[in-house]
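Please model the complete structure; the sequences and the hints are all you need to start from.
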Amino acid sequence: MEEGKKRKKKPKPPRQEMPRQDPAQRIKNFSEVALGYSKETAMLEASRCLVCPKPKCIEGCPVLVDIPSFIKLAADGKFVEASKKIKETNVLPAICGRVCPQETQCEIKCVLGIKDKPVAIGRLERFVSDFEAEQGEVDIPSIPEKKGKKVAIVGSGPSGLTVAGELAKMGYDVTILEALHKSGGVLVYGIPEFRLPKAIVAREVDFVRKLGVKIIRNFVVGRAASVDELFEEGYEAVFLGLGAGLPRFLELPGINLVGIYSANEFLTRSNLMKAYLFPEYDTPLQVGKKVVVIGGGNVAMDSVRTSLRLGAEETHIIYRRSRKEMPAREEEVENAEAEGVIFDFLVNPVEFIGDENGRIKSMKLLRMQLGEPDESGRRRPVPIEGSEFIYDCDTAVIAIGQGPNPLALSTLEGVKLNKWGYIEADWDTTKTSMKGVFAGGDIVTGEATVIEAMGFGRRASIEIDKYLMTGKW
Amino acid sequence: MNKILNKRVLTEGVNLFEIEAPRIAMKRKPGQFIILRINEEGERIPLTIADVNKDAGSITIVAQVVGKSTHHLGTLNVGDSIRDLVGPLGQPTHIEKFGTVVAIGGGVGHAVCYPIARAMKEAGNYLITIIGARTKDLIILEEETKGFSDEFYITTDDGSYGRKGLVTDQLKEIISGGKKIDLVLAAGPAIMMKFVSLLTKEYGIKTIVSLNSIMVDGTGMCGVCRVEVGGKTKFACVDGPEFDGHEVNYDLLMKRLATYKTEEKVAYDRYLQKVNDGG
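Protein chains in written order, with numbering that gives the first Met the number 0: chain Y, 0 to 472; chain W, 0 to 278.
Hints are computed from structural coordinates only; laboratory data are not their basis.
In silico negatives: residues of chain Y with every beta carbon more than 12 Å from chain W:
id: 1; residue: P100
id: 2; residue: E235
id: 3; residue: R322
id: 4; residue: R378
Cut-off 20 Å, straight-line C-alpha distance, at most; resulting in silico cross-link-like pairs (EDC-like, lysine to aspartate or glutamate):
id: 5; chain 1: W; residue 1: K254; chain 2: Y; residue 2: E350
id: 6; chain 1: W; residue 1: K254; chain 2: Y; residue 2: D354
id: 7; chain 1: Y; residue 1: K465; chain 2: Y; residue 2: D425
id: 8; chain 1: Y; residue 1: K273; chain 2: W; residue 2: E39
A quick note: this is a predicted structure, and the numbers were derived from the prediction, not measured.
Cβ atoms here follow ideal geometry from the backbone N, Cα and C, with glycine treated the same way.
In structure tokens:
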């Protein structure tokens, strides 16, 4: 009888793996590493969802995607409908499906994860949005009557695109002002092609445009117009989604040697300027034979994997703590390891050494050990005295984070900054100290994730609408 | 897209363009620059704003053919468009009445010096201008500059025009003439700015130089333009391009400027080959 009962219960399929390009192959190209689900695996994976009546997963999503509903549609093979369901609250689904850290957002909340592995929400999101795009023209939701109110969005990164898309859906006249020559912010200059194809970014930016958003590129707020001037020009609210945008360099001897890049420069040359296609594209990028990337976050992983694809023979990550403390996503660390990146833990640079042409040839490293936990809860690295050693390299990339970019902030006299120099904005309302000015994303939080920036965008759209409808600040 | 409204060949290999950019024309102050990208495959190149015409809504840039991008730019004509153009970038020059100002432009670097010198004159300074170049053919904007300068000198390395020698020779003569100089401005090759600064330091004359570092975004995001000023790292794109000439580490600047020499040659040779093959 026992046995009979068990047989009746339909066995749950395991969490479906997503195929990836073979490491030996993929380090020779810039094509996307992850290859996506097939229809069959997508439906199988979607069928694992319990469609909880009180879903926890939605709580984990900063833009509150109705996850169980879209997964139910996907399980039934209604992929286009599933994609539209996501787009009700998320204008960038194919991007989120690829770069969101689902393991710490929605998937960590999935009740299946208690005994088994959670539903692969990100992979499904990616599949259904790609599926919809492959059908050709995507439907544009009907836009209510225009409100006749202009909103300026500074920056076309994840927060800016989100607030712009949501406000356009409500009937506002939205203009995004972007400093670079391409739209997408960090999605185009920062995240590499092999993780987020630029064609996907262009497709989702295009969707935002089709919602009625105007994007003006090559426009540096702070130079071409101040925020005050934007109000004078008829905008009634301004959202600042500038990104962090100031690379941190280590204050060490030799930091300005040729061959030492900020991760921002290294990635911008490769991603935005397409240096990997040099000389078809004009912008070059030298890597040499041995590349060392300093840092343990996602940007460090992106940089080191880019250097491999640019032809480096030996690539290293130098990190001052141990593997456990690295802030990078586990998946990215695994990808880097599979591709042959060597990780050197518990070492920290103290000096960069150059040759007679002022080019880096080696660095002096110091061994560290872990001490007591610091404010971040991670164990603090403590130098081991007298443990210096010399380490040869052709290129060093500094990927230790970013600070606030002073350029645009210098023209924001009425906007209060916090003690770290970021904009002080309320987390819930995204309001700054200046009337009519909202802010979100990395310029408020410091370096965070795409989806957190989008969460700011979503909350800002609600608050901007409230403000413009009532006039109340 | 920004349309080319006017083009003038200043001298062999040095082109002046007036480009439609109404907002930049309105906002720009002397000392600032733009970054342009000719086409989809193009690199981002920083160029000084040599002049503006607010009525026409245009800015003037001057570019010397030194490699692929500047060569390609030189082939464009009136009616053609530049794909991307962004600005104004950089800190404007601090303009005020200092007294006597010596403005020194080296080669095509005089395009940087030119609008600043004029603004200094308009602010009521006694303006002495020196344009220096390797040879006569590389002297640009001579008549225009002469028009607003109280004193005007030309030096060429080969003696083909003006005084034979370097700008520093002329500057030394002016200094030893006993005139009190309140400020020296220099824009040109790094080596020229270095020697001007060494000279003025001897005499304790305040000196401002405009640095021509390699740039990518031009908004402080990448840090490729970093220079050392007074032992501190600065970004030429947002902290500059002008700095105290006595504090700049020119040797570092020169080394960093040479970073992509090999790649620049590869790209240029390939471009010339293509142009030749295409007839």
